[in-house]
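In the order they appear, the protein sequences are chains A and B. If you count the first sequence from 1, position 14 lands on 14 in our numbering, and the numbers rise without skipping. If you count the second sequence from 1, position 140 lands on 140 in our numbering, and the numbers rise without skipping.
Everything labelled a hint here was simulated from the structure, so no lab data went into it. Any given hint might turn out to be false.
[Unchecked claim] With a straight-line Cα cutoff of 27 Å, these simulated DSSO-like cross-link-like pairs (lysine-lysine) come out:
hint	chain 1	residue 1	chain 2	residue 2
1	A	LYS52	B	LYS159
2	B	LYS134	A	LYS47
3	B	LYS134	B	LYS114
4	A	LYS98	A	LYS70
5	A	LYS70	B	LYS31
6	B	LYS50	B	LYS113
7	B	LYS114	B	LYS9
8	B	LYS159	A	LYS47
9	A	LYS73	B	LYS31
10	B	LYS31	A	LYS47
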Amino acid sequence: MGQTLAEKILSAHTSDPVRPGEFAQVRVDVALANDVTAPIAIREFEKIGTGKVFNPDSVVLVPDHFAPNKDIKSAAQCAIMRNFARDQEISHYFEVGKMGIEHVLLPEQGLVLPGDVVVGADSHTCTYGALGAFSTGMGSTDIAVAMATGEIWMRVPETIRIVYTGVLQPWVGGKDLILYTIGKIGVSGALYKAIEFAGQAIDALSMAGRFTMANMAIEAGAKAGLFAFDDKTRTYVDQRATREYTPYAADEDADYAATIEIDASLIKPQVAFPYLPENTRPVSEAGNIPIDQVVIGSCTNGRVEDLRVAAGILRGKAVHASVRCIILPGSQQVYLDALREGLIEDFITAGAAVSTPTCGPCLGGHMGVLAAGERAASTTNRNFRGRMGHPESEVYLVGPAVAAASAIAGRITRPQEVL
Amino acid sequence: MTIKGHVWKYGDNVDTDAIIPARYLNVSSTKDLAAHCMEDIDPAFAASVKKGDIIVAGENFGCGSSREHAPIAIKGAGISCVIASSYARIFYRNAINIGLPILESAQAVREAKKGHELEVQIEAGTIRNLTTGKTYRTAAYPKFMLAIINAGGLVGYTKARIEERRRG
Ligand code: SF4
Chain A
1 MGQTLAEKIL SAHTSDPVRP GEFAQVRVDV ALANDVTAPI AIREFEKIGT
51 GKVFNPDSVV LVPDHFAPNK DIKSAAQCAI MRNFARDQEI SHYFEVGKMG
101 IEHVLLPEQG LVLPGDVVVG ADSHTCTYGA LGAFSTGMGS TDIAVAMATG
151 EIWMRVPETI RIVYTGVLQP WVGGKDLILY TIGKIGVSGA LYKAIEFAGQ
201 AIDALSMAGR FTMANMAIEA GAKAGLFAFD DKTRTYVDQR ATREYTPYAA
251 DEDADYAATI EIDASLIKPQ VAFPYLPENT RPVSEAGNIP IDQVVIGSCT
301 NGRVEDLRVA AGILRGKAVH ASVRCIILPG SQQVYLDALR EGLIEDFITA
351 GAAVSTPTCG PCLGGHMGVL AAGERAASTT NRNFRGRMGH PESEVYLVGP
401 AVAAASAIAG RITRPQEVL
Chain B
1 MTIKGHVWKY GDNVDTDAII PARYLNVSST KDLAAHCMED IDPAFAASVK
51 KGDIIVAGEN FGCGSSREHA PIAIKGAGIS CVIASSYARI FYRNAINIGL
101 PILESAQAVR EAKKGHELEV QIEAGTIRNL TTGKTYRTAA YPKFMLAIIN
151 AGGLVGYTKA RIEERRRG
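With the rest of the complex left out, here is chain A:
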């Protein structure tokens, strides 16, 4: 019996080939932590007593959640990480001014590559599945162990294959595909499993769209969301890779736990209502939802392709008088690319605020926290109660096109309504 992509990659990182359900010690190529999870990981790392990390080139530390330091407490957390990076001579520590949101930054810098096993103390580490890497989020103690030993325990997941047929409608992107999928299978629809995304619509999707989809695999409970390596992956990776890599492919006769077919040509722009990412419906059926804030960016939709879509809609228009529109480029490079393309000017002229890269409002941290009763349309990935601020505030998850259109209309709406 053949192997799925996840089984192939994991087998290449263990002493013996693995099957779903087995527990294995897996070698890791990259271990990642951020300013929220690193302080606990460092505390646990010190208890293990190896003194040094297994390889200072394989550990990546990014202060992105509450950085630039939001308050004295966050400053202390960031300082713990900064000092550790210095003491351990970590090569990939990204200071404010060079940093980005981790899951935009790592692929962009060529630090995660096809065929890698990547573990991160952040649930959206699954984003790198877009490159054909097996990457998954874990807790701080796991990352402490990975930093100390270069290995981690894993239960090998079964794989669900989701095949998207057909050609996408206008204004439909990766975000709409993944929101639609989560609406269909539910927030625990892929619990303990890996997902392989495939089909004609996936082949045609940009790398940015694939990153968006892999990013939200966790919102269906999945351990990883993987894409096959193709020419698009090669073009993306070859401009960036800092080391050799090995792409893997699923076997023709691989054994899938389930195969789901979705006719992607029928999918319309989607919105997920509070307080779960599975509460999705087409924007055309959203009804009248006035909004106070729009957030465009994050690790889900903070790439230049996303900003291009949003700027294309906002260009020459004005953000609605009762809306605060906040743009969060995913990295310094994305910011610079957007600046050179004139997108930043489009945003500012339309009356939007452009932030330095940070997680900020995505987790209700800073730079756009909601008051009781306020509503946001956001291109982020979670709309749990209290996620962007007060427990009585609401987050509606959308793609960049719907977010930009909604910023102009002052309520959740389709791009067609404002153009």
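Starting from the known structure of chain A, arrange chain B with the ligand on it as the hints suggest.
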């Protein structure tokens, strides 16, 4: 290990932002995190939870972020054990890794009400509802996980493995 405590009951898909809101993640001390545990879905929890109490919840408990702050906050609040119908995988491994006992039993969950008293035997995998008198069996832990639990968590387990390798 035998655990006895009263039930705090919650529904399906209790997410990590409900267990510990992200706005409090600029600290990592157990005491600070415990003080805000469950705040957005049950503001009374942190102030009235008693040492040894048990959280009982539905499907997909702990979904959302990878924050180990979630099981740390629960353990720090004095909760002795979590029983749910199912768990989000990162929460599950975090709980095992930090030594928070965690069991799966949809039936025990269905029949437990807030305030019921439960007695849990971790190794045997039995849950006894002392209020109703009913007993439930849960699936035993896989051998590999039991080794982590018996080592007091992943750090203890890893230290022992490193020591073993050193000795050859
Ligand atoms: S942008 Fe949001 S989801 Fe992404 S890493 Fe930051 S906090 Fe997490």
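Hints, one by one, checked against the model:
With a C-alpha separation of about 14 Å, the suggested pairing of LYS52(A) with LYS159(B) holds against the 27 Å cut-off. A threshold of 27 Å between alpha carbons decides the hint, and for LYS134(B) with LYS47(A) the separation of about 42 Å lies outside it, so the pair is violated. For the suggested pair LYS134(B) and LYS114(B), the alpha carbons sit about 16 Å apart, so the restraint of at most 27 Å is met. Among the hinted pairs, LYS98(A) with LYS70(A) is consistent with the structure: their alpha-carbon atoms are about 17 Å apart, no more than 27 Å.
With a C-alpha separation of about 21 Å, the suggested pair LYS70(A) and LYS31(B) falls inside the 27 Å cut-off, and the hint holds. Annotation: proposed proximity of LYS50(B) to LYS113(B) holds, straight-line Cα distance about 16 Å (limit 27 Å). With a C-alpha separation of about 5 Å, the suggested pairing of LYS114(B) with LYS9(B) holds against the 27 Å cut-off. Proposed proximity of LYS159(B) and LYS47(A) is supported: the alpha carbons are some 9 Å apart, at most 27 Å.
Between LYS73(A) and LYS31(B) the alpha-carbon distance is near 15 Å, which keeps this suggested pair within the 27 Å criterion. At roughly 20 Å between alpha-carbon atoms, LYS31(B) and LYS47(A) fall within 27 Å of each other, so this suggested pair holds.
Hint 2 alone, counting from the list given before, is not met by this structure.
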